[in-house]
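J.: Chain by chain, the residues run as shown.
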Amino acid sequence: MFLRLSPITRRRLEKFKRMKRAYYSFWILMILYVLSLGADFIANDKPLLVRYEGKFYFPILRFYDGSHFGLSASEIPNYKELNRSPAFQKQGNMMIFPIIPYGPNESLLDLEGNPPTPPTWRNLFGTDDRGRDILTRLIYGFRISFSFALFITVCSMAVGIVIGALQGYLGGVFDLLMQRVIEIFSTLPFLYIVIIIGSSLGTGFLILLLVFVIFEWIGISYYIRSEFLKLREIQYVEAARALGVSGWKIMFRHMLPNALTPIITFLPFSLIGAISSLSALDFLGFGLPAPTPSWGELMHQGLGNIFSYWISLYPVLALFGVLLLIAFIGEGVRDAFDPKEYQRME
Amino acid sequence: MPLLEVHELTKCFPVQTGFWKKNSMKVRAVDRVSLDVNAGETVGLVGESGCGKTTLGRAVLRLIEPDSGSIIFDGISLTDLSQAQLRKIRPRLQIVFQDPFSSLNPRMVVLDQVGEGLSEHGFVKSRREKEERVVQLLEQVGLSADHLYRYPHEFSGGQRQRIAIARAISLNPDLVVCDEAVSALDVSVQAQIINLLRELQQRLNIAYLFISHDLTVVKYISQRIAVMYLGRIVEFGTTQELFDDPRHPYTEALLSAIPVLDPEARKKRIVLTGEVNPMGTGQGCPFAPRCPKALPQCHHEEPPLQWASDTHWFRCFL
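Each protein sequence line maps, in turn, to chains A and B. Our numbering applies: residue 16 is where the first sequence begins, and numbers increase by one. Our numbering applies: residue -17 is where the second sequence begins, and numbers increase by one.
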């Protein structure tokens, strides 16, 4: 299906490309995300390359104990200290640091004044209340929140698609029971549940993921259910049944590809929802455990240091920018999938 | 023994009315229908729209579950089979639908649509074999290997119907239900498709249950014809008998509506009055309210089954 795109899909892709705002937003976001996946090479307190006594070392890729650099073997080398030490300052030894030479959890101890310090040429976006570089934390925070949101969306879509598809295809008692379960789930207040679970079971990555998925799949299952209810009556589905094709194959080969429109148009908006609720949770302190870099956590600090504008301004701008980009993409996707233009083909 | 024997088949659909949906009534879409189809034979099924022809066709294949009655296919009782057993026998019973635009999946190429059943039931082992067999099938229905990787929207209505026929015959079926298979096509294309169906029947010895509302088409293709009115079969006989000697007033009315070329030979058209009420009273003959020859007992007594000949029966007091 993905190798030989059907003509409908091809037309939709072309239409999406023609919508410049959405198309460029898509590429900007993709480039930002790919860059953030390589965040370790952009912002790190470890050097990219060390040349010591004629040998090369790559501390980001591999761990070296202190013995490599003339320290004791039980010591974890602090490369910045090492760089300044007289033993290192010899001919031929050198270190190359990434563009932003700070780690996400590194407290800068040599700042002028007390943290949080305002933006300077050294720290473009300033530092937070523990002296950590905000730009670095924004980059790492983007990687975590976007990956997390993608993960949640994909997992919840998978669950929502399977349950919605079964409801629509089987109908009857299963549909009725699942519909009641969904009603119960959708009345539970999401944030409270997360907070209650977070305070009793702790806030781990997996627990958070699980709770998110439990709530997120409901939205998509409605769409899939109604699409499948509609498609079940269509003749090519009946023809497949008459051929003796098995239920799963009918559902996933005949019905799902024809029910993808709501899933794909829903996807960007579901991403937006996931990113913003994760930020909200981090803001409240019930998100990913500290010291994970996160935008919500920065905003929380911003609230505590209300006069240090840079702590709250940059994460808010970053969040706004990313959500706007995704919203543009979502808008473009929705237009590209608008069935009115292709009524003859559908 | 006939290939297909349908006995007292019934399918009702509930109709709920009122705010609390309590006064549920039933539409008897198929009402105690008995029918038989011999191997290699075409049985036409005619009736006006909404009389349950399509429901009957689908119930015979158990695409919708009948409420009661039995379907014996080649000695096997289809109504007693589990879904898994049913899937195994599916290749022998196929269907061609009315609308060639919705009967093909818009996202699958011809090869995959026609070849799906082949690989599903292990008729072909490899992709290559599937391709070869699908090309054979396409050639049988008047298409060619060039069409293998095309999508349905690239074809005309007649060509799409040919693809649907190729899909139906791909598993060497014994019986194909043609559900208004030519009704959505132009008259010239209709003739091509009907001739194709006849040709395939002769070559592959397929039996057809040919559902249509068009008497001339049914007359042309069928050996025997069943006339249906509101879920009931009111008359069943060979084409010859039915056209020469219609016994049921509804059949008479239908026949009188066929346009005749020769003005001298024109008969008086029987125009039916009244409206079709599918809810009905459930009593007496369903046709009684509109029947020009209705007797008093028609309204509350079930008309008896009468035999005009060994092969021709009808349900009427007359």
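The hints are simulated quantities; they were obtained by calculation from the structure and are not laboratory data. Predicted model only: the values in this text are computed from it and were never measured. Treat the hints with care, as some may be off.
Straight-line Cα separation of at most 20 angstroms, EDC-like style, residue types lysine to aspartate or glutamate; simulated pairs [what the hints assert, rightly or not]:
#1 A:K264 with B:E102
#2 A:K264 with B:D81
#3 A:K245 with B:E47
#4 A:K245 with B:D81
#5 A:K30 with A:D55
#6 B:K201 with B:E234
Here are the simulated distance ranges between beta carbons [to be verified]:
#7 A:V49 with B:D168: 29 to 39 angstroms
#8 A:V196 with B:K275: 27 to 37 angstroms
#9 A:V196 with B:L300: 51 to 61 angstroms
#10 B:Q279 with A:S261: 49 to 59 angstroms
#11 A:E248 with B:D62: 24 to 34 angstroms
For every residue, glycine included, the Cβ atom is placed at its ideal position computed from N, Cα and C.
J.: State the violated hints by number, sorted upward, taking the hints as numbered earlier in the document.
T.: 2, 5, 7, 8
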